[in-house]
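Visitor: The chain contents come next:
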Amino acid sequence: MTTTAVSQRTPEAPRRPPSPQLVQIRDLVYQVAGIFQPDNKLRHLEDRCQKRMQALGVATLREYYDCLTVRPIRQAELVSLLNEITIGETFFFRNQPQLDALRNVVLTRIVEARKKMSLRHLRIWSAGCSTGEEPYTLSIMLMEELARRLQGWTFEIVATDLNEHSVAHAKAGVYGNYSTRNLTPQITQKYFSPVGENLQVNTQVKTHVSITRVNFLDDARMVFLKGFDVIMCCNVLIYFDVQSKRRVIQHFYNNLLAHGYLFLGHSESLYGVNDDFRLVHLPSATAYVKSEERLVTR
Amino acid sequence: MSDERQQRLRQRLEALEEMPTIPVVLVPLLRYLEQPLDILDLQQVVDLISQDKSLAAQCLHMANSPLYGRWTPVDNIRNAVIALGMQRMRDIAVSCSVLTLMPRGRTSVDPIVFWEHSLGCALVCRQFAQKIGFPDPAKAYLAGLLHDIGVVAELCVVPQEFRVAFDLARSQGIPLHEAEATTLGLTHCDSGKIVAEKWHLTDDLVAVAGCHHDPHTAQMHRDLVALVSLSDLLCRMSGLGYGYAEECQVNFAEEPGFALLLEECPALRTFDWARFTFELEAYMEEVHHLVRLLYRVSQ
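For the protein sequence lines, the chains are A and B, in the order given.
Using the numbering used here, you'd call the opening residue of the first sequence number 1 and step up by one each time.
Using the numbering used here, you'd call the opening residue of the second sequence number 299 and step up by one each time.
Read the hints as simulated data drawn from the structure, not as lab findings.
Beta carbons: idealized from backbone N, C-alpha and C, even for Gly.
Treat each hint with caution, since some may be false.
Said to hold, decoys possible - Listed next, with one range per pair, are the computed distances between beta-carbon atoms:
(1) A:Thr-188 with B:Gln-309: 50 to 60 angstroms
(2) B:Val-462 with A:Asp-275: 42 to 52 angstroms
(3) A:Tyr-271 with B:Asp-345: 47 to 57 angstroms
(4) A:Asn-182 with B:Tyr-593: 30 to 40 angstroms
(5) A:Val-23 with B:Gly-541: 25 to 35 angstroms
(6) A:His-165 with B:Val-462: 49 to 59 angstroms
(7) A:Gln-186 with B:Gln-517: 54 to 64 angstroms
(8) A:His-44 with B:Asp-301: 41 to 51 angstroms
(9) B:Arg-567 with A:Thr-108: 30 to 40 angstroms
(10) B:Tyr-593 with A:Glu-89: 28 to 38 angstroms
What the hints assert, rightly or not - SDA-like mimics (lysine to any residue), calculated; alpha carbons at most 20 angstroms apart, straight line:
(11) A:Lys-115 with A:Glu-145
(12) A:Lys-41 with B:Leu-365
(13) A:Lys-226 with A:Leu-162
(14) A:Lys-41 with B:Lys-437
(15) A:Lys-41 with B:Gln-425
(16) A:Lys-41 with B:Leu-331
(17) B:Lys-437 with B:Gln-425
(18) A:Lys-41 with B:Leu-578
(19) B:Lys-429 with A:Tyr-271
(20) A:Lys-41 with B:Met-582
(21) B:Lys-429 with A:Lys-115
(22) A:Lys-51 with A:Glu-89
(23) A:Lys-41 with B:Gly-537
(24) B:Lys-429 with B:Tyr-366
(25) A:Lys-206 with A:Tyr-271
Claimed, not checked - With the Cβ distance kept under 7 angstroms, some of the chain B side facing chain A (calculated, not the full set):
(26) Ala-543
(27) Gln-547
(28) Ala-572
(29) Arg-573
(30) Glu-579
Sequences and hints are given; from them, build the entire structure.
Guide: Right, here's the structure in full:
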């Protein structure tokens, strides 16, 4: 018999296939919440499940799947698991591919489409802004662009969150090491001031950002939020049931200008939730567009 | 570019003098594996692959990758063929053989990037084919693997001219074929068609190599060309492209390949593009890891 031995082995941890129960939980989370964990993140999902299993005193993934599907606690447990999955996801310049796509493709398209118009004002809604890292990141990025793509433009960022504590934190604009770990020394020096061991966002960054408390299910509030070019809504809709999600997405659709963009969180999808928005692929990011025709009017 | 210079480039590509040849073991192996599965002799397949030690070692590395469905290690070709099956081994042997076509030593552009893209595209083509009910996922894999054979030809035969095209594409964030058309007067589809015909590849693979950036121009096998066209674009938009970001916005439902493929695969109408895109994330890590490993072995 002719055999050939592996000539070069790489030192790496032994791999193992994902358990079918874990894949089942992954698919359930995607179906119900719209957030997907690819195969390379299944270890992370398993860790999160194990943590919840410990809290519930559950021994197997099969049993935990039952907790998420048939037991009376299923809705609350799904929220707990989602909290675990998305925990610690708020920090400055969190999703760089998404920010690059917004800056390099979306801004370029908006500026190009409005070339012949006098109104050169950009309006972005950070919907579910948590403690403010996202809207301030956007503000910093757009301030940098004022000397480039956005020459002669103005911009504003409307930031909203349901949680009053988060809104208060966002308004204060003071952040610790975890939130600021992605900041370059240049950005830190230009846009932040030290406050003890923390960093505070400078006033010039804050002036572009208005922060208020808004409940997405408050229709009366939602209808008055109008005229946005871009809505960023990351890891918020995953907590809504399908009916509420549809209602909120319909609001977003109406809140956007024609051809406006809706960005969701990493690996978040609207599949099966809304047919009006169109999925578009940007470099290493996806977004939903209100329509595909050229931007014409505000 | 003048017609005369373009003609000279075409002639050099047609001569293919600097182009490496396909490993000798590949042709008999492929021919043997074309036969019905029930008459294939396992030992003969093992012997064929094992003739080329470098190829065999690469095949083993690939066979041990989760990308090909293996989680428990195999340490010889015989066990790999038993564990993975004849068809999967064919995919692996062809993939390793294509790697050997890449130019050695100093090149104008890092060939690993192109091989990562080709292997990534092959895997995406097969997965995409399976998901939408395309009749021949194995063929889709092969087509994805070989779709950019024209790039390999340009890297080998006209490296300096190709470098200019590549630099333009990268600096402006535009598709490579557009930059090639501007600077070379021809694209890797043109050169791919020349190579594919020269190597007597099957008609469908010639069509894919020659038309994947404009599936409507394919005279035959438009569904396969369209499938590769969409998979190629998805790879390029998802960070498995040519090592730079194409600064554009793509709606797959409006791509020319979409309507063509829809005729053959109605499941495409309700296809979850978002989920498929997220799934690619796992491919990327594995593809980077595997290609670097294989490239080291082949040196």
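Visitor: Now tell me if each hint is right for this structure.
Guide: Hint check results:
1. A:Thr-188 with B:Gln-309: 50 to 60 angstroms: 57 angstroms, holds
2. B:Val-462 with A:Asp-275: 42 to 52 angstroms: Holds - the Cβ-Cβ distance for Val-462 of chain B and Asp-275 of chain A, about 45 angstroms, lies within 42 to 52 angstroms.
3. A:Tyr-271 with B:Asp-345: 47 to 57 angstroms: Given range 47 to 57 angstroms: holds, Cβ gap about 48 angstroms.
4. A:Asn-182 with B:Tyr-593: 30 to 40 angstroms: 32 angstroms, holds
5. A:Val-23 with B:Gly-541: 25 to 35 angstroms: 32 angstroms, holds
6. A:His-165 with B:Val-462: 49 to 59 angstroms: Holds, at about 57 angstroms.
7. A:Gln-186 with B:Gln-517: 54 to 64 angstroms: 55 angstroms, holds
8. A:His-44 with B:Asp-301: 41 to 51 angstroms: 57 angstroms, violated
9. B:Arg-567 with A:Thr-108: 30 to 40 angstroms: Hint holds: Cβ distance 31 angstroms, inside 30 to 40 angstroms.
10. B:Tyr-593 with A:Glu-89: 28 to 38 angstroms: Given about 35 angstroms between the Cβ atoms, the range holds.
11. A:Lys-115 with A:Glu-145: 16 angstroms, holds
12. A:Lys-41 with B:Leu-365: Roughly 15 angstroms separates the two Cα atoms, so the pair holds.
13. A:Lys-226 with A:Leu-162: It holds: about 18 angstroms lies between the C-alpha atoms, which stays within 20 angstroms.
14. A:Lys-41 with B:Lys-437: 30 angstroms, violated
15. A:Lys-41 with B:Gln-425: 19 angstroms, holds
16. A:Lys-41 with B:Leu-331: Distance of about 36 angstroms is beyond 20 angstroms: violated.
17. B:Lys-437 with B:Gln-425: Cα-Cα ~12 angstroms, so holds.
18. A:Lys-41 with B:Leu-578: At roughly 12 angstroms apart (the allowed maximum being 20 angstroms), Leu-578 of chain B and Lys-41 of chain A satisfy the hint.
19. B:Lys-429 with A:Tyr-271: 16 angstroms, holds
20. A:Lys-41 with B:Met-582: Roughly 12 angstroms separates the two Cα atoms, so the pair holds.
21. B:Lys-429 with A:Lys-115: 42 angstroms, violated
22. A:Lys-51 with A:Glu-89: Holds - the C-alpha atoms of Glu-89 of chain A and Lys-51 of chain A are around 18 angstroms apart, at most 20 angstroms.
23. A:Lys-41 with B:Gly-537: 17 angstroms, holds
24. B:Lys-429 with B:Tyr-366: 16 angstroms, holds
25. A:Lys-206 with A:Tyr-271: Violated. Lys-206 of chain A to Tyr-271 of chain A sits at ~35 angstroms, over the 20 angstroms cutoff.
26. Ala-543: Hint on Ala-543 of chain B: holds, closest Cβ of chain A at ~4 angstroms, below 7 angstroms.
27. Gln-547: At about 5 angstroms, which falls below the 7 angstroms cut-off, the nearest Cβ of chain A leaves the hint on Gln-547 of chain B intact, so it holds.
28. Ala-572: Constraint on Ala-572 of chain B satisfied, holds at 4 angstroms.
29. Arg-573: 6 angstroms, holds
30. Glu-579: Since chain A brings a Cβ to about 4 angstroms from Glu-579 of chain B, closer than 7 angstroms, the hint holds.
Violated hints, listed in ascending order, are 8, 14, 16, 21 and 25; each of the other numbered hints is respected by the structure.
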